[in-house]
Each structure stands twice: as structure tokens, then as C-alpha cells.
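Taken in sequence, the protein lines are chains A and B.
Residues in the first sequence are numbered from 1270 upward in steps of one, following the working numbering.
Residues in the second sequence are numbered from 3 upward in steps of one, following the working numbering.
By construction, these hints were calculated from the structure, which means they are not laboratory data.
Computed from a predicted structure; not experimentally measured.
Hints should not be assumed to be uniformly reliable.
To be verified - Computed Cβ-Cβ distance ranges for the label pairs, DEER-style:
1. 1313/A / 393/B: 56 to 64 Å
2. 20/B / 1367/A: 35 to 43 Å
3. 1333/A / 486/B: 32 to 40 Å
4. 24/B / 1276/A: 58 to 66 Å
5. 428/B / 1298/A: 57 to 65 Å
6. 1326/A / 231/B: 54 to 62 Å
7. 1329/A / 390/B: 46 to 54 Å
8. 1354/A / 316/B: 51 to 59 Å
9. 227/B / 1333/A: 48 to 56 Å
10. 1368/A / 91/B: 26 to 34 Å
11. 14/B / 1354/A: 21 to 29 Å
12. 1276/A / 126/B: 31 to 39 Å
We put the beta carbon where it would ideally sit given N, CA and C, even for glycine.
One-letter residues, chain by chain:
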Amino acid sequence: MRTIIFRTIAPYLTALMVLFSIFVLLRGHNEPGGGFIGGLIAASALAIFGIACGVASVRRAIVFHPMSVAGFGLFIGALAGTLSFFKDQAFMTSQWLIFHIFDAEIALSTPLIFDIGVYLVVVGAIGSIALALEEREVD
Amino acid sequence: MAGSSVSVDLTQAMVTAPVAAGDWLIVAPSLITMLGGSLCLMLRKNTELQPKLGIAFLALLVLASLALLVRVLDYGVITMVMGSWLPPFGIALTVDALGATLTLIGSIVALCAGIYGMATVDGTGRRYGFYPFLLLLMTGVCGAFLTGDVFNLYVWFEVLLISSYGMLILGNDRIQLDGAVKYGVLNLVGTNLFLIATGLLYGIFGTLNMADIAMKVSALENPASGTLSTVAALYFLAFAMKAAAFPVNFWLPASYHTPNVVVSAVFAGLLTKVGVYALIRIFVLILPDSLEYMADLISLVAIATLLTGAFGALAQSEMRRLLGYLVIAGIGAMLAGVVVGSIEAISGAIFYAVHSIIVMTALYMAAGIMSYMGGSYDLRKLGGLYQKNAAFAGVFLVLGFAVSGLPPFSGFWPKIMLVQAAFNDGWGWLGAAILVSGFLTTLAMGRVWIYAFWRGGPEGTPDGTSIAIPAGSVVQLGGAAPWIPLGILTALVIYFGLQPEWMIELSTQGAVGVGAGVDDPVGYLRSVFGDQG
Chain A
1270 MRTIIFRTIA
1280 PYLTALMVLF
1290 SIFVLLRGHN
1300 EPGGGFIGGL
1310 IAASALAIFG
1320 IACGVASVRR
1330 AIVFHPMSVA
1340 GFGLFIGALA
1350 GTLSFFKDQA
1360 FMTSQWLIFH
1370 IFDAEIALST
1380 PLIFDIGVYL
1390 VVVGAIGSIA
1400 LALEEREVD
Chain B
3 MAGSSVSVDL
13 TQAMVTAPVA
23 AGDWLIVAPS
33 LITMLGGSLC
43 LMLRKNTELQ
53 PKLGIAFLAL
63 LVLASLALLV
73 RVLDYGVITM
83 VMGSWLPPFG
93 IALTVDALGA
103 TLTLIGSIVA
113 LCAGIYGMAT
123 VDGTGRRYGF
133 YPFLLLLMTG
143 VCGAFLTGDV
153 FNLYVWFEVL
163 LISSYGMLIL
173 GNDRIQLDGA
183 VKYGVLNLVG
193 TNLFLIATGL
203 LYGIFGTLNM
213 ADIAMKVSAL
223 ENPASGTLST
233 VAALYFLAFA
243 MKAAAFPVNF
253 WLPASYHTPN
263 VVVSAVFAGL
273 LTKVGVYALI
283 RIFVLILPDS
293 LEYMADLISL
303 VAIATLLTGA
313 FGALAQSEMR
323 RLLGYLVIAG
333 IGAMLAGVVV
343 GSIEAISGAI
353 FYAVHSIIVM
363 TALYMAAGIM
373 SYMGGSYDLR
383 KLGGLYQKNA
393 AFAGVFLVLG
403 FAVSGLPPFS
413 GFWPKIMLVQ
423 AAFNDGWGWL
433 GAAILVSGFL
443 TTLAMGRVWI
453 YAFWRGGPEG
463 TPDGTSIAIP
473 AGSVVQLGGA
483 APWIPLGILT
493 ALVIYFGLQP
503 EWMIELSTQG
513 AVGVGAGVDD
523 PVGYLRSVFG
533 DQG
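Same shape as in the complex, but just chain B:
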């Protein structure tokens, strides 16, 4: 049946050259998590084995993505076509410095979440499939970062969304279902817009391969024509929903405080950043002219996102909602980088994404520990945590500084890059908005620190006195499990703050790879189509 009776010249349609074993690293992240996820799914009843298996596979994932990043830095952009079918018809996975970096950081965060989950996810949560969902979520996230095909990107989005629905309703509480409905409806609308835009794009160009589309767009006489701008606008709306940008951001604070805190941590770290990644990939690589055309609109959205995020954080007193607004503020900063569009701005946005993945996950994990120590997520009911654990108060201060963009931590450098790029290219308002948002974030984090850590006890405690937290409301933490991931992430935050050079270098490579600035993304196209591209 396999074409044995018909003779065709397969070299026209298939890659016949041998594929280096190292290129298999490009499928490794999705493959490892898929195998691990299905294995965990089969062993769902065995709640003792689940965490060990899950963490082992996540550790394997970190190693594979590290090897992948090293290989990309050594050999440049790598492409592998699935089933050997040649692009533009075969599906190509293409990884450049941007994709590989985000995959690595995402895997580290997932591993940390896996370890943290040992303490916070109970037997029921494990039987409902926390570890399989986490692994399959990572299948989708890594796949989205590594694919070179627009429709395939859509498929990975669906994979990660379906896993995220499962994680949202892990405990089956009423409030979780409520949050999941808001989250689900908005995301369904977003993915549908994504699909419609992809259909239109396919209608125009007859191909879905990103490199192929990029070449065909740049060959057009009028690259910002009506149809193409429609596609661009649809894509922007779809990814803005995913990324929780200003007018369509309300689902995030409405749903991120409902699930288990480790689930919120993973979501806050990864999901919105996949939206930002897709925005960078589609707009900077494929539709740069439409990006220019829509720049004013996107800059307004970016400013509004920056400010609503920061003001929202100031207004909230529920820790997880507050952090949700900080995620939104960060998205605004990344959008600002995309609008400015110079190499420095895009690399600033990439660095900011890396920073935001790490710091937001760490902050949610810290919030989880705070609620275990103080018995609540409500700032009014928290207090006196400094006395309970001074080291933890220090860690929280580090994370607070980092998320506000204060030196010497990881948030400082990407913000400097973004602000500098904005002022250099005449986007003064954008730069100002980033600074104001950073200032407001500092206030919000200072408020959290004063309320939860510094003062003697919950609201109502007289000044100068301290109240011992009632023993009954304090849930015991499961040993070292929550502290290790928090320590790893905080160490990364400090490390990127003190040694930013190689991360700046890496994100600059990523920005050059997607063709930020003036040059065509030669490396990316060559990797897919060979030198004649």
C-alpha cells in the first residue's frame, strides 16, 4: 500500500538527506512531555508515584531544552520537517534563539511548579491529574515556541488550552468552575479569531509555513493592503486576548485566583507569554508592515495595559488578584517593545518575557507560602510574617524589587532596554508609561510588604504591638518542597540582575532572528528553504 506499486520521484516532496541526531532535540521537548504526560495519565491512581514520575520527566525536559539552546547557539536556526515532507506542504518545526530561550525558561518554571506541587496538590488533585495536565500543558507551550507553521501554532495553543482547562478545575469547586467558564469563553473566542485569521492568511498565500509567508509578504508590492491588514487586526485581537492586553484583559484577574496556587503560578508565568511570543513571531517576522500600520493603535493598547495593570494592582487587596494585575502590567511593557520594533526594543521585550515568566511564577509561589503562613490571601488578614520568617520576607522583597524593575534584579535591565529604545525612536509616551507603571508597581509591592510582613498583625492590631497568628488557621507546609522552587527562581532573578550580559546577548540574537529592525530574517528563512531562500 505504501506507494510500492506506484513509482514517484520522492526527492521532489521529501527530505532525503539524513537528519543529524542532534536535530531531534527540536522535537524532544514536546515528545518528552507527551510521553511523560500519557504515562502519568495511565498511572493516575498511583498518587505516590505521580510526583516522582512527573518531576523526572520535567527534569528531562529542562535538560533537553538546555541542549537545544546550546545547539541553536552553535549551529544557528534549526529546522526539522515532520515526516520528512518538504515545506511549504510539510509541517516544519523551526527553532531560533528566541524559541529555544523561552522553551528553556518555561521548562525550568514547569519543573519548579512540579516540585512545588508536591506540597500544595493533595491526593485528590493528583488523581484528577495535576501532573499529566502539567506535562501536557508543557507539550503545548514548548510546541508553540518551537513550531514554524502558523496552523501548527494554533494546534499547540489548543493543546495547552485544553490542559489548562483541566488544571483550572482541579478541585472541582464552585468558584473554580465560575473562573474556568470566564477563562474558557474568552479563550475560545480568542482561538476562533486566531483560526479565522489563519484561514484568511491561507486564502491569500496558499501556505501556512511562517518562513514561506514571510517571503511572500515581503515580495508583495503593497504589503499593508486591506486584506492583509484585516488579517493582522484579527491576529492582534486574538493574541491580545491570550496575552491579556487592555480591553480584553478582564478574564485574567477573574480566573487566576480560583485554582490551586501552583496552577496560578504556572499560568501567570507561561500562558500570557505564549500570546506575546505569538505576537512577536507573527507581527515582527511575518507582517512587519502591518505592524507599522497599526503601531499607533498598539501603542495605545500598550499604554492602557501598563496603566490598568499597575492601578489594578494598587487597588486590590487579594494577593492573587493583585499579582494577576501585575502580570497584565508586564504584558503592557512587552507590547511596548513590539510597537517600537527596533532590535533593542524587541530584545528588551524578549528579556522582559523571560524575566516576567520567572518572577511572576515566583511571586505566586510566594503568595502561596504567605497564605499557608498567615492563613489567608487577603492583605487585610495578613500581618507579622516578618517575625515568622525573616528570610522569606527578604526573598519577597527581592521579588518585589524585581517585578517593579528596580536594580539590582532581573526586572531592571529589560526595562532599561525598553525605555531607552522607546525614547530613542521617538515613542516618548510609551517610555513614560513604562516608567510610571514601574513606579506604581513599586507602590503596590511596597504596600504588600508593609501589610503582610512589616506590621505586627492583621488589620486592627494596634501600632507597635504584634499579634501571634492563631495556630488553628495555619496550615502546615509539606517540608522543603515549596521552598526549593522559590529558591531556584529567586536565585535566577538575582543572577539575571547581576549578570545580565548573556541574557541580553541571547535576546538580541532572538530579536535579530525574527528580523527586528531592518534586515530580513535571513537565518530563519534559510533554515527552512535552504540557501536559495
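Looking at chain A on its own, in the form it has when it is part of the complex:
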């Protein structure tokens, strides 16, 4: 699969896909999107980069091992539910912080943190499977 066209395009494609996955992630909650689909898009971006330029360069590019990324996602996802403890509410009750900058409504919330957690879990888990499979093919 290492044709020159693919190898030239793949980094741009990967960057675009990661950008798009973050857009989809942030768009979620009330509109289609969210952590799971976003994570899938990002994981396929990693897979494409891996097919084009080799698994080693993907591992270098993402710095952390994919399973550690998944672990971090699970960690912040679980933590996001605990904030409601301080407001005498049940586990996972959503907390919202809404403010306006130049007429744009910015909503920060615990579901957002949870969704980012889901995103990271999916990127980590699917990414690690994809990279492992691609590595075997080279052997």
C-alpha cells in the first residue's frame, strides 16, 4: 500500500480526519455526533496513517501507548460523574457552566468531559487493535 500518492496524501488526510473527529466530538450531545463516533473517526485516521507510513511512525506520533490513552479516557470519564457529589446530587448528574463570549454561547459541562473520556477510550482501544493488526501484517 506504500504508493507515492497514498504516502503523500495520508498525513494530510490523517490531520483532516483528526480535526473532523474533534468537530464531531464537540458537536455531540444535542446534535448527531459525540465521543463514540468521533473516537471511531480518529481511530481510522490512525489506521490510515499506519497503513501509509508504518506503525512505528504512528506510535511515535501519538507519544503515549494507545492503551494508556484509553485508560486516561476511562479515568476522566469516571471522574466526570463525581462532580455532582459536591452538590448533594446523584452520581453522574450533569453540571453545566454556561457563559457568553461575543454573543456566542459556550457551554462547559460534565457530559462534555465524559464524552471526551469516551472519545479517548474509543481512540485508544480501537487504535491499539488496528495498530496491532497492521504490525502483524508486516511480520
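Take the given structure of chain A and dock chain B to it, following the hints.
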């Protein structure tokens, strides 16, 4: 975006009353293990830190489940709805005495396994994630014990299954993959049946909240109708697979001898009991009429399970396979309790589950130590262990007595409760099967003791002589790490044998909580829906 532009009356859909901080204990077991598990996952490469971190979180888990049990005993059934959304649409975690007791015992066993794992799980096993998997397994186990929602129960089953797959193939050996495939396929079929049955149940009632379903079932004119019996039969098959009951038990002896011995110990202690717990929860709480309808079938299954387990144990000479069959025999005894269905029988089954969790884990741990001392799991190659360590031989004898149901150890009381309940309610054959199975188990354990401990050496050693075990085959144990958990569990076995009162009291409360006998499970329903329920 958060509904700021739309005004809705949230009191209709959400809990608005403040939640007591103590109620957070109900999410604590799953939350602690999830946080600990993910932390360990991130630090997977640091094999020195892993055990310390894992054991610290498991100790925290034991403390949290102890506090939870105390709170349940003080305040009765506790419910917390996730995200404040009201049931039946929100997911409710509901804990009664049964769930809290099993959570506590399960956490103690997990902590013991964590300590034992320091000795038996090497650097590779740690890098492959023994501690993260153990913690996440406990997330699933505790979640299953604490949830009040059928679909959520399914989700926790998946969580614990996925972690258990990881633990099974920790060393990536060929034989482990072979065992994992058998285990995996059977469990996938089981969870799929569980999911299908849950879908049907949702189709009938439009709700998945256990308390809600229980109320709707009891309001039905014909609570054992065709559709509902189908659902019940599917549930029974699914949970029987999980629990390794008779016709679908073959995966257990085929897979439990392959992984690291501490993994077998955790599995033997916890996984099948989650199946039994689900059986008690679904059948006794939600579908009591279907249970009555299927009683004859389940009693046959229970008798067959009791006997195949005991005979299988007699026939095996591989320690871990032998113990696997003893796990199955214990499942039969618990099933017998579920069939009889009186308060005494259900509390006997609960007590038996507690006993079985502790004693089976301890026996696998003892088997691990035996193989370290004697160099093999094969009874033919073991021998002379009494001379090596008389105290250990004593501990093994205690565990052997306990698993056979002999006094004065923990297996005695639940068996008495079960047998008495069976004879009182006219299930004579069931009581007889429990007794016969206990007798055969005694023989099997006696055989192990004579072969591994009493005789002078491995097969072929002349009577009256003893052979020193060749030094080369003996692997050194890692210090005190395997002895501490074995000591803790054996102490519990002796303690429950000598002081059974509060455990009997606790399991009776658990049995009353799920509505064994005649009464409706008022406490459980009230906790979820308030007093109008």
C-alpha cells in the same frame, strides 16, 4: 444547550431532593475499581508500582463495601438513580443486604488475590495487565451485585467478561488460548441469550427496572403465561451457563486449569457466583411464579449438577480440574436452595454462595502453593507435602472439611440450612442429593490429602518410605505474599464455622429482601419508588 432555552418541569423526570453523601457508597465499589483500573492501565509499564497501586485500591474497595454493608443494615435498602433521572427510565442502582454482603465478600477475595498475585504473576503478566484486569473485573462484579436494572446487569456482565478474557490469556500460552476460546464461546452464547431474554422482557413490560418489573408481574392475572415462561426459560439457560450448571458446565473444567493459578482462584470464587446471584435476583424477585412453574426442571438440573460435580472431582487427578468440579458441585447446592424457595432455603443458598466464594478461592490458592512445593498440579506426581510443611497440610485439611460441609467450618451451616429446608418443604431427593454430593466431596478431598500430603512421595514411592522432592523442580515462592491471603481466607472459613449467627442473620435479611417465601419484596420496591410503591 442544556435546556436553558426550553423550560420543562424537571421534578417530573428528575430527583430534586438532595442525595445524602452516604448514598454515594453505592457507586463507590464500581467507581473505586474503575479509577484504580484505569490508573493501573496507564502505568502498565511500571511493574514495581502496579501491585502496590492495585492492592491499595482493592483495600479501598474492601473498606467501601464494608461501609456500604453497614449503611444498608442501618438504613435498609438504598437506591441511587444515575444522573438523577427517575426510574423506570433512569438507571437505578439498588442495594439490599444480599448485594452488599456479596460485594463485601467479593472485595475481600479480590484483595487476597491481589496480594497473592504479587508472588505468582511475573513481570510479563503485570505488563499484560493483571492488576488493571483484576480491578476492572471487580468493577463488573460489584456493579452486577449492586444494580437494580436488568439491562444494566447485562452491561456489568459484559464488563466482567471482557476483563476475564484478558485475565485468561495473561501469559499468551497456546493452552490458555485454547481454554479461552471454549470459555469465550460459551459465555458469548450465554450473554446473548441473556440479552434476548431482556429484550423480550422489555417488549412485554416496557421497563427494565427490576422493582418496576416485579410490581408489574405481580399485578398480572396470569403471571406464568407462555411469553413470560419463555423469558424465564431463556434467563435460566443463560444464567445456568454463567453459573456452570449441569448440561452447560463443560466449559469450566475445560478452561479453569489453564490460566495463572491466582486467576483461576478469582474466577472460581466470583464468576459463577455472579450467575447464581443473577438467578436469585431475577427468579426470586421478579419471576417467582415462573420459578414455581419450572421448579421440577430446575431441581433435576440441581441434582445433576451436584452429582456430576462431585463425581467429576473424584475422577480427576489434576488439582485445578478437580477443584473446578467442586465449584460445579457447589453451584448445584445453591440451585437447590433457589428451587425450594422458602426463606430458609434462599438464605441457605446465599450463605452457601458466601462460603463457596471464600473456600474455592482459598483452595485454588492452596493448589498453587502445592504445585510450587511439589512441582506439579498432578496428584500422581505430588506427595510428601506433610513433611515439608505440616501447618500447610493442616490448612488444607480445614479447607477440605469446609468444602465438604463438615463441621466446624463454614460449609457446615449453609448445608444444614439447605438440607433442612429441602426436607421441610417436601424436596427429599434434593436434600439427599446435597448429602450424597457432600459425602463424595469428602472422599475427593480425602483422596487429595492422602495423595499429596500423607504418603511419602509421588506415585511409585514404596510404602513406609519417603522421598525427598528433587530440588530442581521446586520453584521458590515469593516470600510471605501467597501465605497472607491463604491465612486470611482460612481464618474466615474457621470464623464462619464457629460464629455463623451473624452470617445466617445477614443471609436471612438478604433472602427476605428479594422476597423469598410469601411476602412481596416491599423494602426493595419502596426504596426505588417511594412509599406509594
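Hint-by-hint comparison with the structure:
1. For residue 1313/A and residue 393/B, the Cβ-Cβ distance of about 59 Å falls inside the hinted range of 56 to 64 Å, so the restraint holds.
2. Checked against the given bound of 35 to 43 Å, the beta carbons of residue 20/B and residue 1367/A, roughly 23 Å apart, lie outside it.
3. A hinted range of 32 to 40 Å holds for the C-beta pair residue 1333/A and residue 486/B, which are about 35 Å apart.
4. Between residue 24/B and residue 1276/A, the C-beta spacing of about 60 Å keeps the proposed range 58 to 66 Å intact.
5. Under the hint 57 to 65 Å, the C-beta atoms of residue 428/B and residue 1298/A, about 58 Å apart, fit the expected range.
6. Our hint of 54 to 62 Å for residue 1326/A and residue 231/B holds, since their Cβ atoms are close to 59 Å apart.
7. For the hinted restraint 46 to 54 Å between residue 1329/A and residue 390/B, the CB-CB distance of approximately 52 Å keeps it satisfied.
8. Between residue 1354/A and residue 316/B the C-beta distance comes to about 53 Å, which sits within the given range of 51 to 59 Å.
9. In this structure the hint that residue 227/B and residue 1333/A lie 48 to 56 Å apart at CB holds, the actual value being about 55 Å.
10. Roughly 31 Å separates the CB atoms of residue 1368/A and residue 91/B, a value that falls within the hinted 26 to 34 Å.
11. Taking the beta carbon of each, residue 14/B and residue 1354/A are about 24 Å apart, inside 21 to 29 Å as hinted.
12. Look at residue 1276/A against residue 126/B: about 36 Å separates their beta carbons, and that is inside 31 to 39 Å.
Of the numbered hints given earlier, the model fails hint 2 alone.
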